[in-house]
Amino acid sequence: MQSDAIKKLIALREVGTGLLLIGVVLAALAKNPHFLDPKNLNSILLWIPLLVVVGMGQMLVILTRGIDVSVGSTMGVAGIVVGMLFRDHPGLNIFLGAGIGIAIGCLLGAINGGLIAWAKVPPIIATLGTLSAYRGLAFIVCKGEQIDSNNIPESLTDWTLKGPISISGITFSWLMVWASVVAIIVAYFLKSSRTGRDIYALGSHPEAARLRGIPVPKVTFLVYSVCGALAGLAGVLYASRYGFVNPGTAGQGFELTVIAAVVIGGTNVLGGSGTVLGVLLGCVLLGTINVALAVLGIDAAWQMLVYGLVILIALTVDSYLQRFLRKMDVRN
Amino acid sequence: MRKLLGRTELVPAGLLVLAFIAGAMQSKYFLDVRYLLDSSTLYVETGLLAIGMTFVIISGNIDLSVASMTALVACVSAKLMASGWSMPAGCAAGLGLGLVLGGFNGIMVAKVKLPSFVVTLATMAVYRGIAQVLLGAESVKLPTSFIGLDMQHLPGHIPVPLVVLLTVALILAIVLHRSLFGRWVIALGTNEEASYYAGLPTSTVKISVFCLSGLLAAVAALMMNSRLGVARFDDARGLELDAITAVVLGGASIFGGKGTMLGTVLALFLVAVIRIGMGVANVKAEYQLAVIGTLLVIAILAGNLSSKMTAKR
Chain E
0 MQSDAIKKLI ALREVGTGLL LIGVVLAALA KNPHFLDPKN LNSILLWIPL LVVVGMGQML
60 VILTRGIDVS VGSTMGVAGI VVGMLFRDHP GLNIFLGAGI GIAIGCLLGA INGGLIAWAK
120 VPPIIATLGT LSAYRGLAFI VCKGEQIDSN NIPESLTDWT LKGPISISGI TFSWLMVWAS
180 VVAIIVAYFL KSSRTGRDIY ALGSHPEAAR LRGIPVPKVT FLVYSVCGAL AGLAGVLYAS
240 RYGFVNPGTA GQGFELTVIA AVVIGGTNVL GGSGTVLGVL LGCVLLGTIN VALAVLGIDA
300 AWQMLVYGLV ILIALTVDSY LQRFLRKMDV RN
Chain W
0 MRKLLGRTEL VPAGLLVLAF IAGAMQSKYF LDVRYLLDSS TLYVETGLLA IGMTFVIISG
60 NIDLSVASMT ALVACVSAKL MASGWSMPAG CAAGLGLGLV LGGFNGIMVA KVKLPSFVVT
120 LATMAVYRGI AQVLLGAESV KLPTSFIGLD MQHLPGHIPV PLVVLLTVAL ILAIVLHRSL
180 FGRWVIALGT NEEASYYAGL PTSTVKISVF CLSGLLAAVA ALMMNSRLGV ARFDDARGLE
240 LDAITAVVLG GASIFGGKGT MLGTVLALFL VAVIRIGMGV ANVKAEYQLA VIGTLLVIAI
300 LAGNLSSKMT AKR
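Order-wise, the sequence lines are chains E and W.
Residues 0 to 331 in numbering that gives the first Met the number 0 are what the first sequence lists, from first letter to last.
Residues 0 to 312 in numbering that gives the first Met the number 0 are what the second sequence lists, from first letter to last.
Treat each hint with caution, since some may be false.
[Unchecked claim] Subject to a maximum C-alpha distance of 27 Å in a straight line, what follows is the list of computed DSSO-like cross-link-like pairs (lysine-lysine):
1. W:Lys307 x E:Lys217
2. W:Lys112 x E:Lys119
3. W:Lys112 x W:Lys307
4. E:Lys326 x W:Lys110
5. W:Lys78 x W:Lys140
6. W:Lys307 x W:Lys257
7. W:Lys283 x W:Lys27
8. E:Lys326 x W:Lys112
9. W:Lys257 x E:Lys119
10. W:Lys257 x W:Lys110
11. E:Lys119 x E:Lys217
12. W:Lys307 x E:Lys119
13. E:Lys142 x W:Lys283
14. E:Lys38 x E:Lys161
15. E:Lys217 x E:Lys190
[Said to hold, decoys possible] Covered by chain W, according to a simulated footprint, are these stretches of chain E (three or more residues, beta-carbon under 8 Å):
16. 168–175
17. 202–210
No wet-lab data here; the hints were simulated from the structure.
Model, not experiment: these values are computed from the prediction.
Yeah, the Cβ is synthetic: ideal placement off N, Cα and C, and Gly gets one too.
Let the hints inform the model, and build the full structure from the sequences given.
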């Protein structure tokens, strides 16, 4: 009975996010009939991949009742280091560069994971501390110098500009391909692997999970390491997308956008429920909102307010939906 | 003697002495008492936030939105005063707004039953977002009569803001350690369920704690306006980190139920001395941020370790 209720809740939330997406598109179209022009669609499609890559990691973390607010700074460090490598070794293979980005992110994520899993530091405090520490690290590594566009290899920026599929002016870029690969792997991992199921169990009831023999600290550590690794990959994708990396602005504040995408996509902040499909919808929604704001001529000043409101609304709706379902359960 | 040695405030107090010695070795200007006293006015706002945060953290919650509340109240009260409101009316409106913003956090936590870290993470964006929408990139000038509280001194070159901070700390120390409300806050942080079954008004205590945090953020906003003379939406950016660091360094348990006002105040001076010292040594802002962030993590690690050791004994 209960799992039925949870399935219903998840389906309901995804439909809700979908409807919201349609609502945003219709509202934007009403104001500006050219909203769905190829140019705007392309910019939405460019917005989504970074969100998806970081969002998948953030989702894993939130599923375990945690949070990682350091992802933006991790992106910054990985972007800067890989950018410096490209600057100093122009012939570097871009896939090797991406691999190094992932490794750096994984290391930074593992520090978070270690602090949270074994030193028992609450996730918000650990990652709030590393949010500042990693941002400082980004400055220290490059001595405050920005990586300019002439240092980013053309083959890397081609990930953004070109893609395997291009239909009537709309490009499905390589960035989207990599993001899809990440999403598919995470979806498969969550659904079919033992550890994937452990993550849900851990988030649903940490104490019960421990008593069932789930290695709670190991799973926690893994989740933050993966989250960091994906943020590291996103740092490299950032370099491709924007063509430069600044230690102060690369990924700065991105944690807020990502958390908004993950929670509006139906991932419960109390842990234990959320799907890859929901988060993907959340990322598409936030990407669309972002481009819609720009197309409708709404000042960029509204961005932060909108993200915050999105999180608040998602949280409140989830909280009441869950209470409602619990009542239904009791009645049955 | 043993009781004295067991006190958690000993750690920030000892570190404070160390920081003083390190600072004095960095620069001969550091131990200039007038310079230190004048610099202290820069950290009074952080201090007010930390005092509110002490209550929030002891109650088992966290308030990430304090700096954003400060920014929003600063912008709104500056705008009101610039549009002709009298000084007392503008201040009262600012304080009222602080209460409302804090109260909203409290209701989301107590009534909608959401974890405080996500609620205040969201309102951190929402409150600063509102300030940004209100002012955009412009800055609002305050009436000249309102500017310059930080330049006022009591005899002995003691800046008025420092007196305000210490008075607030003293009053709220009495509230925390000697009043029924203070006992409730500590009880709530120690065991929420037990407090509820013991008949404590847990929701009311939670909402009050967040209201207090909002109110103190508003006081900080007014003092910041008076010090800077202009209000901008990005005022007080990142101050929540310093405030939380001070509270945790002061020996408050991040899991709630434990902490003292004296500890917070000592740790606050520690954070201020470290910041002033780094300023004297020309350490860049981003590096300072990294140092404070690392300090926060280390403080918690040390706290966890010491409570583990006491538990074993």
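Would you list, in rising numerical order, the hints stated earlier that this structure does not obey? 3, 16, 17
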